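*Asks:* Here are the chains, one letter per residue:
2 protein chains.
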Amino acid sequence: MKLRRSERMVVISNYLINHPYELTSLNTFAEKYESAKSSISEDIAIIKKAFEESSIGHIETITGASGGVVFTPSISKAESVEIAQALRDQMAESNRILPGGYIYSSDLLSTPHILKNVGRIIADAFKDEKIDAVMTVATKGVPLANAVANVLNVPFVIVRRDLKITEGSTVSVNYVSGSSDRIEKMFLSKRSLKAGSRVLIVDDFLKNGGTINGMISLLSEFDSTLVGVAVFAENQKGDRSVANYKSLLAVTDINVKENRVDVELGNIFE
Amino acid sequence: MKLRRSERMVVISNYLINHPYELTSLNTFAEKYESAKSSISEDIAIIKKAFEESSIGHIETITGASGGVVFTPSISKAESVEIAQALRDQMAESNRILPGGYIYSSDLLSTPHILKNVGRIIADAFKDEKIDAVMTVATKGVPLANAVANVLNVPFVIVRRDLKITEGSTVSVNYVSGSSDRIEKMFLSKRSLKAGSRVLIVDDFLKNGGTINGMISLLSEFDSTLVGVAVFAENQKGDRSVANYKSLLAVTDINVKENRVDVELGNIFE
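Top to bottom, those sequences are chains X and B.
Heads up, the numbering used here is the position in the first sequence plus 4, with the first residue counted as 1.
Heads up, the numbering used here is the position in the second sequence plus 4, with the first residue counted as 1.
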């Protein structure tokens, strides 16, 4: 397909946005758009400048026979904070309080533009690490893990609290369920994670850390390494046993009587 | 931020790609990039041409005071078929067969670039319908519903097979569980779906249709309307009670003895 330069830049930038962290050779673009490699190289230079000036991300050029370009998405501090402040205000809405002092947040974590933005913020915090997979626990963590994995362009693995026939052989570990202090089991399909993987754990809410510690113990069963832990929100009243984690939001108080939730920005912004 | 035309086109096309089905006024871009509305209008014309020539999608210009541009993603028939053929070959790998004649597919439905493409194909099949929400059932349908919802830029709702404190009040219906022929219950949070919504149901696998019929009966509990049903794969040996659905893949035979899975393209390509 032969395109004009301006059109070519639009389609090449679309390609890069949809293939983050992937090496694409300039020849691929040159053949696809019937252009000289030198023209493609000039296109990339303009795209790189535009992406960097507007904090969309960075484009790295790798020279040599097996070279090409790699797009790494990013997000500016200002945009991250603005997104988190809007989410903080939404989380603090009094009608989210459920009996027992829980907060309803499923609506936020099932809205594409919110998920996309949260995924960008979390992925950005780990963009200098090599990550092979994102791990989460069913069900509420799944869309969040999916969003982070989309930006990092790696698969995600879903730990389950029940056994499903369609998962094949599984490995199980015990964990302390935060809400009830009971010992429960979590399961991961043996096929879902390769040995030696570097894994980022993502979850919606951190209270006592039982679920996350369960996932960390699963990692050693799979001879895999923990890169980090990131959560959408942490409850600062929780008795947290997770040493290192990054949170987007921190719930500092849930006052059921006064129908009030206090929410601050999390430690990912420190 | 003042940018050169070529750079402006890159960032405007990035914006449109990330805000499908959303009306954005030309003034928004004009102010953001300190350019005349007429220049933005020319940029959009070039982006529109590039998007259409490479089947990225369509840009509609709505004139008048409350006007602007709307980007609708699309995918060419050739690209859809190519993606589905690659997935068909992966689904037909003999090592996917699990005891009992089930197929392991969790790896496919947790790989971002596959999910993105499947989401594009399913969303494209319903792009002329007005859709307010995508519905699925936990856990395996979630990433797929998320992917379709991303393209349509609407929220998704997750029906659960268990009761969770953090969902608040729920509505439940009975359904016939396909795998065991037992009557079971599924639950949907009352807050998660507005009355009068037009809903697309998405699931990973269609066998007997019990789960999907359960979701359809939930829709009437929420005074909502079914727009359509789309599944990643259907099992043609199943005794399907769902009248209308679109499938990406069709499993025509699972032969455990000969360790063979036969897979064809689904009816979405008819």
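Keep in mind that a hint or two might mislead.
Put simply, identical chains are the same to the list, so a pair is met inside one copy or across any two.
No more than 35 Å apart at the CA atoms, straight line, and that leaves these computed lysine-lysine pairs for DSBU-like [what the hints assert, rightly or not]:
no., residue 1, residue 2
1, 120, 6
2, 6, 261
3, 41, 241
4, 41, 134
5, 53, 198
6, 6, 189
7, 131, 261
8, 250, 36
9, 194, 261
10, 6, 241
No lab work stands behind these hints, which were simulated from the structure alone.
Since this is a predicted model, take the numbers as computed values, not measurements.
*Asks:* Next, verify each hint and record whether it holds.
*Replies:* Hint by hint, here is what the structure shows:
1. Both within a single protomer and between protomers do residue 120 and residue 6 lie at most 35 Å apart by alpha-carbon distance, with minima of 33 Å and 26 Å respectively.
2. When the C-alpha separation of residue 6 and residue 261 is checked against a cutoff of 35 Å, the pair qualifies neither within a copy, at 66 Å, nor between copies, at 51 Å.
3. For the identical chains of this complex, residue 41 and residue 241 are neighbours neither inside a copy (58 Å) nor across copies (51 Å), given an alpha-carbon limit of 35 Å.
4. When the C-alpha separation of residue 41 and residue 134 is checked against a cutoff of 35 Å, the pair qualifies only within one copy, where the shortest distance is 30 Å, while the shortest distance between copies is 43 Å.
5. In this assembly of identical chains, residue 53 and residue 198 lie within 35 Å of each other by CA distance neither inside one copy nor across copies; the values are 37 Å within and 43 Å between.
6. For a Cα distance limit of 35 Å, the shortest separation of residue 6 from residue 189 qualifies neither inside one copy, at 57 Å, nor across copies, at 56 Å.
7. Taking the shortest Cα distances, residue 131 and residue 261 never come within 35 Å of each other, neither inside one copy (42 Å) nor across copies (46 Å).
8. Only between protomers do residue 250 and residue 36 lie at most 35 Å apart by alpha-carbon distance; the minimum there is 32 Å, versus 41 Å within a single protomer.
9. Only between protomers do residue 194 and residue 261 lie at most 35 Å apart by alpha-carbon distance; the minimum there is 23 Å, versus 46 Å within a single protomer.
10. Proximity of residue 6 and residue 241 under a CA criterion of 35 Å is satisfied in neither setting, with 60 Å inside one chain copy and 46 Å between copies.
When each numbered hint is compared with the structure, violations occur for hints 2, 3, 5, 6, 7 and 10.
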